[in-house]
Each structure stands twice: as C-alpha cells, then as structure tokens.
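S.K.: Spelled out from the first residue to the last, the chains are:
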Amino acid sequence: MKPIVRIFFIGLMFFSIAGCAPSAKQDTSAIHVWHWMSDREEAFNELASLYEKETGQKIKLELFAPSEAYSQRVKASAQTGTLPDIYGVLGEKRDFASFIRSGYIANLSTALEEVSDGSTWRGTLFDKALAVNEFEPGNEFGIEPGTYGIPLDVTTIQMVYNKSLYEKAGLDPSKPPRTWEEFIGHASILKEAGIPRLVGGFGEIWMLDALASNLAMNLMGEEKVFDTYRGKIPYTDPDWVRVLTYFKQMADEKVFVEGAVTMVNKTAEQTFANERAAYAFNGSWCVNVYKGMNPSLKYEAMLPPAVTDAHPMRIWGAAGGSFVVNAKSLNRDAAIAFLKWLTSEKQQAYLAEKTENLPSNKRSMGKISPLLASFADDMELATHPNLYPVHEDPSVMETFDKGIQSILIGEKKPEEVAADVQRVKEKVEAKRRAA
Amino acid sequence: MTFQSFRKVTGSYLFIAPAVLLFATFSLYPFLKVFQLSVTDWDGISNSMHYVGLENFKDLWTDNPVFWGSMKNAFYVTFIALTIQNFLALFLALLCDREIKGGNIYRVIFYLPPVLSGIVVGLIWNWIYDGNYGLLNHLLQFIGLGDLQRAWLSDAKTALFSVAVIHMWKGFGWGFVILLAGLQSIPRELYEAAKVDGANTWVVFKNVTVPLMIPVFILVSILTILGTMQIFDIIIATTGGGPGYHTEVPITRIVATMIGSSKFGYACAMGVTFGLILLAISMIQIRVSKMMKQV
Amino acid sequence: MQINHNTPVLDTSRVDFNYERARKNAVSFFVHLFLIFVSVGCLFPLWWAFSSSLKTQETVFKDLSFFPKDPQWSNYYYAWTKADFSGYFLNSLLYTVVVVIGVVIIASMAAYAFSRLQFWGKNFLFLLLISTMMIPIPGSFIALYVLLNKLHLVDTRLGYILPQINGGLALGIFLLKTFFDDLPKEIEDSAAIDGCGRLRTYWYIALPLARPALAVLAIFNILAVWNEYLLAMLVLSSKHLMPLQRGLMVFQGAHITQYPLLMAGIVITVLPVLAVYLVLQKHIIKGITAGAVKG
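Residue numbers (the numbering used here), protein chains in the order written: chain A, 399 to 833; chain B, 2 to 296; chain C, 158 to 452.
In short, the hints are calculated from the structure, not lab data.
Hints may be right or wrong, so weigh each one.
Said to hold, decoys possible - Which chain A residues face chain B? A few, computed with CB under 7 Å, are given here: (1) Lys473; (2) Phe497; (3) Ser500; (4) Gly601; (5) Glu656; (6) Gly657; (7) Val659; (8) Thr665; (9) His789; (10) Lys800; (11) Ser804; (12) Glu809; (13) Pro812; (14) Glu813.
Stated by the list, open to error - 35 Å max Cα-Cα, derived DSBU-like pairs, lysine-lysine: (15) Lys451/A with Lys396/C; (16) Lys646/A with Lys811/A; (17) Lys573/A with Lys219/C; (18) Lys752/A with Lys696/A; (19) Lys239/C with Lys760/A.
Cβ atoms here follow ideal geometry from the backbone N, Cα and C, with glycine treated the same way.
Please build the complete structure, drawing on both the sequences and the hints.
M.R.: Dropping the structure here:
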C-alpha cells in the first residue's frame, strides 16, 4: 500500500474510534421523543422548535423508519430500560397491554382530567381516538383501567368512488351504491363499460380483515362477532359463511381489479389515482396521496355497501398514531405538558394542514378540507379492533384473511375456508383451556 | 513441545483470533439467547417469561403445516435458483472470461440489479407483472400469446415462479462475479497447453475448466442455497406471502409470528429449526464436495 | 450502445471469403446479441429509476415514456437538500471504508489460516464461523441490542461498525478459503525458504495472489454496508451518526411516498457504488496475471 493511502486509512480508523466515546448520558434537560412518522418529521421539528421558543423546554426528536425498524428499536430499548420520555407503540392491543404491564407506559388518566380553557384535556379530543389507548375496568388483559396514550390524529377506513368513471359508465355520479345489490349492479354496469372496479391493498391482509369485519358486523351485529371471538359461536355459522360468500360473489363477478389480491396498498393507490379503478377501499390518508398523484381526480368517500339493514354498518376508525409517556421518565410532567401542547387546537390545526391528516382535537376540525372532512363525518359509525372488548387470536385472523385470498383466486369455497378457520380456532381454544 | 512448535501453533491461532473474537461477541451471544428464548413463551415485550420446555418445538414440528408449506416454497425457489440462475451466471461468466470487446462494460452491468434497493425492485416488478397494465402482459399480447395474460403475482399457479424470477434477476450477478473471479484465477497456460494438444472448446471446458472450478461451484451453490432459502425482501415488496400461503417462505413466517402474533419464543423455535435445517444441508454439501474433490 | 457499433458483422466486401473468420464473427455476433439482451434486462430498472427521478409525483406512474418531455432536474437539488445527504455522506463513506477493510483483513487472515495452517479444532471452528450465515435469526436483534448496551456501544460508530464486520466475516472466510485452497502453494513455499515469516508470506504473497477474490468480497461488502439501514435504526439514534439510507427515509412516509424525489435520492446514492464497482472489477480481471504469472 502506498504510504499516503495507509495514512488515510489509519486516520479513518482513528476517526471512527474517536467517535465512539460513550455518548453523553441521557441528558434530562431535553425531552426525548421517538417516532416513526417520516411524513411528519418536518412538521414535528417545526413544532418542537416553536415549543422551545415558547417555553424554553428543549425537545429532541428522533425518527426511526420504516415502522418495522421503529418497532424493533422500541422493543429492544424496552429490554434495556433505555426508552425515551415520549414514544409510540405500534401493534395490537395485546402488545400495548404488555408494555403497560411491564411498567414502560404511564397512566395518563389524571392528566387528561385537568381543566384548562374551560374544558378538560380529554374533552378536547375525539373519544374514538382516545378509546384505542384506553383500558376498561375488567379488561381481558388485567390492566389497571385508564388511558395510556394521546392520539395525534384520526383515521377512518372506508371506500371511495371515482365520479368521472361513474359518469363515463352512465351512472349517476352523485349516487354511490348504498346496498350490496346496488354495488353488484353498478359493478356490472362498470364492467360493461370496460372500467375496472374495486382496488385495495389486499395483499396487506389487514385490509381484507377490515372489509370483512365491516360486512360481518353489518350482517350479524357486533355482539355476534364478539361471541365468535369468545369461542361461543363457530366460524362455520351460516352468517360467517355468508360473509365469506360475499367475497366469492365479488370474485365471480370479477369485481376486484386484477392482481388486487396480492397488491400492496401503495400500488392500489396508484391504480385508483390514475383512474384505473372505479372504487378503492382505503383510509382517510388517501386524500393526501391522491392529491399528490392526480390533483384533478374527482372522487368522494362512501360507506362500504350494506348487506342488510338489520345492523348498522361499522367502519374502522381510530387514532392514526398515538404517543405514550415513559412511566420511568424523569421528565414525566414536562413530557405530559408537551403532549398537551401538541394536541391543543392550534398545533393540531397546523399538523392537519401540513400533513392532511384528520386532527385528534375536535376544535381543529373546522380547518380541514371538505373532502377530508367527508371521511370524518362517519366517525360515529367507527370502531376498531383496539376498541373491541375481546380480541381474536392472530393466527385465527390470519387463517381467515388468507382464506379470503384463497376464495378470491377461486381456490377454495367459503365453506372450506370457514372450516379451516374453525379448526385453527379450536386449536387455540384448546391451548387456552390447557394453560 | 518445543518452543518452535509452540510458537507455530499460537501463531496459527493469532490468524483467526480477530475473527473468533468478533464471532464470539456478536454472533454467539445472540445465538445462545435465541436458543434460550425458543423454550419460553416470551412475547418480545414483557419483562417476564415462562419456561415451556419443548412445547414450541413440539407444536412447530407436529402441528404447523403453514410453516412447512413455506419451507417447501423456499425449496422450490432454491431449486430454480440453483439450476436456472447458476447456469445463466456460469454461461455469462464463461462468455466474459474470453477476450471480448466491451467485456468490462458487461461485467459492470451484470452486477447492477443488486445495487437497487427492495423498494425499487418491488415497484418495477409489480408494474411488469401487473394484471391490467403490466409490461409482461403487453409483451405477450404483442407476440400473440395473449391467452397467457394474467395477474402474475396473484395467480396461484404463477405467483411463486414469478417471485423466483425476480430473485434470480436480482441474484445472478453474485454468482456471476464469483464464477468470473474463479475463471480468471485459472492460469492461462493451462488453456494454451490444452489447445496445443488440439482440444476443442468443449473438451477444454470439460477437462480443464470444470475440474479446477469445482470448489468455486460448491461455494456458489452453497451461497445460493443459503441466500435463496432466506429470501424475504422481495416477497414483502411484491406479494406479502399471498395469495393465500402460496408465496410464504420461512422468514416471512418467522417475522409474522414474532411481530404479528407477538409469539417471540415460538418464532425463535422456528428460527432454530430453520437454522438447523440449513446447517444440515450445508454439511451435506461440504461432504459431497470433499468426495468430489477426491475423485 | 457502443458495443453494438463495434460488433463485427459478416464483412461481405472482402473478396477472399474466409470461412473460419466468418464463423468466428458469427459466433461473436450472437454472443454479443445475448450479452446485450441480458444487459438490457439489468439496465432497464436503473433507467426506469433514473427517468422516474425526472418526473413529477403526478406523472411518475402516468407518463411511461422513456425519457420525460419536461425533465425535472430540480428533483436532484431537492432530494439532496431535503434528505440532508451532505451530512450523511461522510458517515456512510466512513462506515463503508472501515467495515470493508475490516472484513477483508480479518476474513483473509482467518481464511488463510483455515486454508494453509494446521491447528487443533480447525474444522470445527470453520464450520462454527460460517454457520453465522445459516442461522438467520430475525429474533436476534434484541439480544444484539442488549449486548451493545452492556458494552456502552449503543449510539456509537463502533457499535454500528463491529456487528457489520462480524456480519461480513462468514461469507468472506468461506469465499477466500475457497480461493486460497486453489492457489498454487509452490510460490509460498519458496517464499518460506527465502525466510519469510508466515505473516509476511500471507501479506506479501498470498494476499496479492487472491486479489480477484478480495475484490469480489469488497464489492459484496461495499454494497451491503452502503445499503444498510435496519441495523442503523437499531443501534444509532443521533442524526449526526446516521448513514445515507436514513436520508432516503424522508421520502417514504407511512402513507405517502414521494416517488420522484425518492428515485432521485436512490440515483444519488447508487452512483458512488457504481464508480467503486468500475474500479474494483478491473482487479477481478487483473489479479492472476499481475500476481502469479510474473511471480
């Protein structure tokens, strides 16, 4: 090696070692925040420096993305007691409960009752958004009742339809289908006009789960669904088979866009934005996505078509993301104060405007675009697995959702899938009884 | 033991000391931890866990058809990669080993696919395979094979093979580079000598190239097996394991169990089982290679 | 493409038609045709990424032209500043250089020992070291983090570098051992007679001979380190320590991906790898002629 090169490398080595002095111990002068929301990084940074200007309190934001990497980091840090003052927990309610049980998350119930501006903190936020972070008395996880997280925004998941394509097919663009029959009817008219119909990120199986549970709750009512989760009603029940049969019907009528079964949602969004599908099943974040890809897209939100009127149609809707406070944080009160500030009317309006998400603060709702607001007006119909009193085992869910995929590709019949799901359910139940 | 031989032995260990030290710190400890967790019911979060003995393994080995199905899928892709991909890599390496105009350019180009991250690969192949607007369907239409058109990634018959094609496209450059380096290490004099003896290209290949390349072939095939069995990114970027379980592979199952179902202990049992299978395959490979070398 | 231009096609203007020469030309024509075909397959996604980087979010999936009519060169400016690449660039350069040198030196020492020296426990240790490649444990990240925390290496450069060196060792040792096994031992023997110690023999004789393999190993590792981000997210928190890939995350929101900027960012990050690859691939070729033959 040439001497120059050698010196260069030695220098590099030295530099790398020198950079290794153990980094300063968690300085308590700043509030440390970890998040995964890369699309909001800029807005968060902006708000953090504003907060420092207003109060003198320093905020240190750290982004870990994508969300899988973030989850890993949080789980790993939990094991070493190095969680920051404020962070978020991704995943199901079960995971959330586990974090709380291990003492990583503070109960914020008392703080939420504090009154300022003539209202409690709780009173300013959407109940549905708060509810995902709540544990009711007597909850199945044995967690002390209370609210453990502060919602940053609200998301609902429903359907959208393309008005121009409706017009093109000779359908009334102001009348989206309300019932299942109408939906299938419109779909066949669209089909004749050569317009592809429904798209969605159904490769991400939770989206199939959402659509299926919308239909199930509409068909048999919430309680029967929960009783199935409790193991009191089998998945081979005619109602469940009927839910699966709706998917069979959609497959037979070729309602789904080709390939939607394994599509990731971002591809599905491209498809709808470029007017290659008349309907999409998507979350309220889509307003922002479609705006970027096709500003002239004419579309509107609609509820998934109702299969009966015996029970209300329930859609998924809840907090999009929430922050929790580290129970062991030395900055607990300061952290809570920051969250309060962050979810106050002004900051929420700023975030809603900057990132086009539905704000979690009711008072900020007036400042959002009408299209986005149309996603919010069905909030009273919203529910979410994290709000359910009981939770289905993930392996049962997966068998159910994968089963729907099999139906959609014409591989299995609804009855077969129902039997498959029930078999897994019984195995899980047997295990639970044994434990 | 004389001082000389003592020095010689310790000297040998000095050569491997840094590697062993790093390995002991950063691999052994996590390995052991995973073994330890595989006999617990830990959820990956909680600060408490229970010892469950071989419960996880018992369930995995006797009552988890989905996992073994995913293993079958991985074997299928591996088989395709071992044959088609490696054959292509070897063929290209042989072509580029010759004195060929623009050889340098080809060598660089063939190793380009791996430089692109999973997201680009996913985007572009999703588009190629798309059922309505896909490039592949357009192409088939163009050459008059319109009947074959389909949504390639969500058709049970084609999904796994389509994924395998992406994997091969991304991976043949690896094999190509190693094989080319191997070919380049063969002293040119051997070829000259064979040519002087009047051997034709095929005979030279069979009698000079292949015997000298056997260790490299073994290397490439083991790397192909290990790399392909652990396929993951491409699946996530394209099919997510669907439709149904048609493109599930062991790593997607492990991740789904660990993150999706929060059964960390069980996922570790899956990891250990999968690792042992790969270890067994590699051992057999190495055995076979030793036998072949002696022949 | 220039290669096409240089391809000798049947030259009919010559009167003295030479059969042997024509055959050679025909073969060469088809060889190039095939190589170009494969090259197009490899280049296409890269070109797609490049042309996408010049479109707008609106046109990126609508306008499928080969080159956009109205190229948005400003995307590169925005990508560079928004991703804050200038800050991350030096970090990635440092990590890549240190890890690659670390892997090449440590792996080649170990591989040399495994190939040339005799010591107790050799086979066992070799298998143990390369088993790192076989036990893929997505679950080991927690153990690794706990360990780094104990060593006070969380959020330090060293904590990011050492596991990556360890990660590259298995492949490196395996690859290099295969090549050392193949190298003629005579040269080293004569060096030993000349009084070279084993360390000197390794450094001055064996390493230069293994240059093609070293180049291959370097290429693999450069790519791996340059594209790494999961470990960075696990080990590092401070922005000023983060590698390049962290910059690209800015464009990939949970819901919104800014495709043109992301593509511009990807092109920016890929270019240095291409440059290095261009330099290194020459060594794959040069290795043996510069080393063994001239002695």
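S.K.: Now tell me, hint by hint, if it's right for this structure.
M.R.: So, going through the hints one by one against the coordinates:
1. Lys473: At 6 Å from the nearest chain B Cβ, Lys473/A passes the 7 Å test, so the hint holds.
2. Phe497: 6 Å, holds
3. Ser500: 4 Å, holds
4. Gly601: 4 Å, holds
5. Glu656: OK, holds: Glu656/A within 7 Å of chain B, min 3 Å.
6. Gly657: 3 Å, holds
7. Val659: With a minimum Cβ separation of about 4 Å from chain B (threshold 7 Å), the hint on Val659/A holds.
8. Thr665: At 5 Å from the nearest chain B Cβ, Thr665/A passes the 7 Å test, so the hint holds.
9. His789: Cβ of His789/A sits 12 Å from chain B, so the hint is violated.
10. Lys800: 5 Å, holds
11. Ser804: 4 Å, holds
12. Glu809: Result: holds, 6 Å to nearest chain B Cβ.
13. Pro812: 14 Å, violated
14. Glu813: Constraint on Glu813/A not satisfied, violated at 16 Å.
15. Lys451/A with Lys396/C: 22 Å, holds
16. Lys646/A with Lys811/A: Given pair Lys646/A, Lys811/A holds - Cα atoms ~8 Å apart, limit 35 Å.
17. Lys573/A with Lys219/C: 28 Å, holds
18. Lys752/A with Lys696/A: Holds - the C-alpha atoms of Lys696/A and Lys752/A are around 22 Å apart, at most 35 Å.
19. Lys239/C with Lys760/A: Since the Cα atoms of Lys239/C and Lys760/A sit roughly 32 Å apart, the hinted pair holds (cutoff 35 Å).
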